[in-house]
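Read off the chains here:
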Amino acid sequence: MRTDLLHMTINELRKMMPWIEDYFSAFAIDSVQFGNKKLEELGSILGEDYFIEMESSSFAFIDGFFLFIEQARALQQGNGFTVESLTVLPGRNKNEEKEAFSVELKKGEVTAIVGPTGSGKSRLLADIESLAQDDTPTGRKILVNGRAPDDEERFSTEGRFIAQLSQNMNFVMDLSVEEFLTLHAESRMVDEISHVVQKIYDTANILAGEPFSRETPVTELSGGQSRALMIADTALLSPASVVLIDEIENAGVDKVRSLELLVSNNKIVLISTHDPLLALSADQRLVIQNGGISKLLRTTLDEKKYLKSLEKIDRKLTHLRNQLRRGEEIDISDFPVQLNL
Amino acid sequence: MRLVTVAGPPSSGKTSIIIKTIEELRQKSFSIGVVKFDCLSAQDEELYSAHNIPIKTGLSRGLCPDHFFVSNIEEALRWAKERNFDFLITESAGLCNRCSPHIKNVLAICVIDNLSGVNTPKKIGPMLKLADIVIITKGDIVSQAEREVFAYRVRQVNPRGMIIQINGVTGQGSFYLAKLMEKTSIIETLQGATLRFTMPGALCSYCLGERKIGDDKQIGVSKLVNFRGEEQAKGEE
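Going line by line, the protein sequences match chains P and H. Positions in the first sequence are counted from 1; adding 23 to them yields this note's numbering. Positions in the second sequence are counted from 1; adding 1346 to them yields this note's numbering.
Among the hints, erroneous ones may be present.
Claimed, not checked - With a straight-line Cα cutoff of 35 Å, these simulated DSBU-like cross-link-like pairs (lysine-lysine) come out:
hint	chain 1	residue 1	chain 2	residue 2
1	P	Lys121	H	Lys1525
2	P	Lys130	P	Lys318
3	H	Lys1427	P	Lys60
4	P	Lys60	H	Lys1569
5	P	Lys60	H	Lys1468
6	P	Lys61	H	Lys1469
7	H	Lys1529	P	Lys121
8	P	Lys331	P	Lys38
9	P	Lys339	P	Lys129
10	H	Lys1525	H	Lys1402
11	H	Lys1525	P	Lys130
12	H	Lys1427	H	Lys1402
13	H	Lys1569	P	Lys61
14	P	Lys121	H	Lys1374
15	H	Lys1374	P	Lys117
16	P	Lys60	H	Lys1469
17	P	Lys61	H	Lys1450
For the record, the hints were derived by calculation from the structure and aren't laboratory data.
Just need the whole structure built from these sequences, with the hints factored in.
Written as structure tokens, this is what we have:
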């Protein structure tokens, strides 16, 4: 295959693998200008000095070309790995007492993590994020599809299957929403980029409450809009099959729909929260006390029943918030009546 | 002695990463010394000392910091051998983005952070391109998408290296780096070793202390920017 590619022209290569342009651009090579030249000729056409200026050599350029293709293809095919389940094997709490049971997290399920501030909710998320193997303060072990992952699976950046979302995360790129999504889609090597970008943009706007335009710089989005865009992007474009969420409740996104969106894409979702609506939307909730997992509660039918009225309250509050924002007069005399409490 | 060269732009998290990794290595009873190479001042000495890590600082002051690194590395290694360390880790800032302290057959690490912008990997030279391991930091404060894009951009310029995300604050990921460091081979001396890349040439009147500006003051190796594009280039020919 190597020789075949070497004999091909840059145009032919670009037609076959449009993303290869990224590699040429790293060497400041204009792939249009050299379109009808063969890959193997580039070295002599540009000359060794050119590559030395680029802090490289023509040999390294060609060698890197094949490595890049290899890795890009792996990225494209998404290494074919799906996470069916994660198992949290017992560790210890802050008093060195062993946790009583292990917990299994399954694809398409949402698990809420509840407990007082400082009890260890974030620690549990960190244990899962790093796929702990008795090497974190809690001594927990995390199994993936029933077995312990090796070091490569735990730490290499390619093949990462865990995404994290938290209140502390911000967009830092100097790009508009559209440019940003396009860039991410390109790096994920998806086909039909504009279609994917449109879908994420639409979804984020549904989640956000306050709509935003495609031209808005990502750094100017409000907290809620940023969160909405991150969630939609993670659900629809990230290869991750596990999503860890640390406190999104105050961000003003449509929380329940956000969770539904993530789960409908067959991900394992964990959310650390104090929000009753989020906690009860989950399939189960883990109670953390004093650094350890103390209880696992399945959401009961009764709780699910009350979820409907909770959603009503939440919607009403959102409505009030929007009214305040718009500078309207507020009438809350009908508030309790509407809820039938 | 196992030698590891760590380089990266200022404030990318080199010191934090090194300290966290040393903590991991110490749990396995290794002893580690650090040599920090910098230009004008280095406050990190206190940080290392606070963690009881033996540290020596070399300030290049009036000299090119990377050239300074090469002239001192052998001596640094000797210091580490006298102290019977298992590891010597050198830390240096790639200040002009062009240099690289990486040596052939010596584990080369580049630390770069997610906040530095998606175009940064293209701007950093051999320090990033020729590193064996690229550590990406500050992933906890940017979005998932940006982490993915940034790693992809690093991959573009360094298809060979291994990319690891490490959180310098919590140390998440440093455990693995420590494991990789352990695997690096032992070296006795750097006599005869080769740099992975030629350092940029600097041999002109300004290297020797000239401060005046003007055509007649410039002696030695210099290079002119073509500000007028094609038009001037033709005129000159």
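Each hint tested on the structure:
{"no.": "1", "hint": "P:Lys121 x H:Lys1525", "in the structure": "holds, 28 Å"}
{"no.": "2", "hint": "P:Lys130 x P:Lys318", "in the structure": "holds, 21 Å"}
{"no.": "3", "hint": "H:Lys1427 x P:Lys60", "in the structure": "violated, 53 Å"}
{"no.": "4", "hint": "P:Lys60 x H:Lys1569", "in the structure": "holds, 31 Å"}
{"no.": "5", "hint": "P:Lys60 x H:Lys1468", "in the structure": "holds, 24 Å"}
{"no.": "6", "hint": "P:Lys61 x H:Lys1469", "in the structure": "holds, 27 Å"}
{"no.": "7", "hint": "H:Lys1529 x P:Lys121", "in the structure": "holds, 34 Å"}
{"no.": "8", "hint": "P:Lys331 x P:Lys38", "in the structure": "violated, 52 Å"}
{"no.": "9", "hint": "P:Lys339 x P:Lys129", "in the structure": "holds, 33 Å"}
{"no.": "10", "hint": "H:Lys1525 x H:Lys1402", "in the structure": "holds, 24 Å"}
{"no.": "11", "hint": "H:Lys1525 x P:Lys130", "in the structure": "holds, 31 Å"}
{"no.": "12", "hint": "H:Lys1427 x H:Lys1402", "in the structure": "holds, 14 Å"}
{"no.": "13", "hint": "H:Lys1569 x P:Lys61", "in the structure": "holds, 32 Å"}
{"no.": "14", "hint": "P:Lys121 x H:Lys1374", "in the structure": "holds, 25 Å"}
{"no.": "15", "hint": "H:Lys1374 x P:Lys117", "in the structure": "holds, 24 Å"}
{"no.": "16", "hint": "P:Lys60 x H:Lys1469", "in the structure": "holds, 27 Å"}
{"no.": "17", "hint": "P:Lys61 x H:Lys1450", "in the structure": "holds, 32 Å"}
Comparing the model with each numbered hint stated earlier shows that hints 3 and 8 do not hold.
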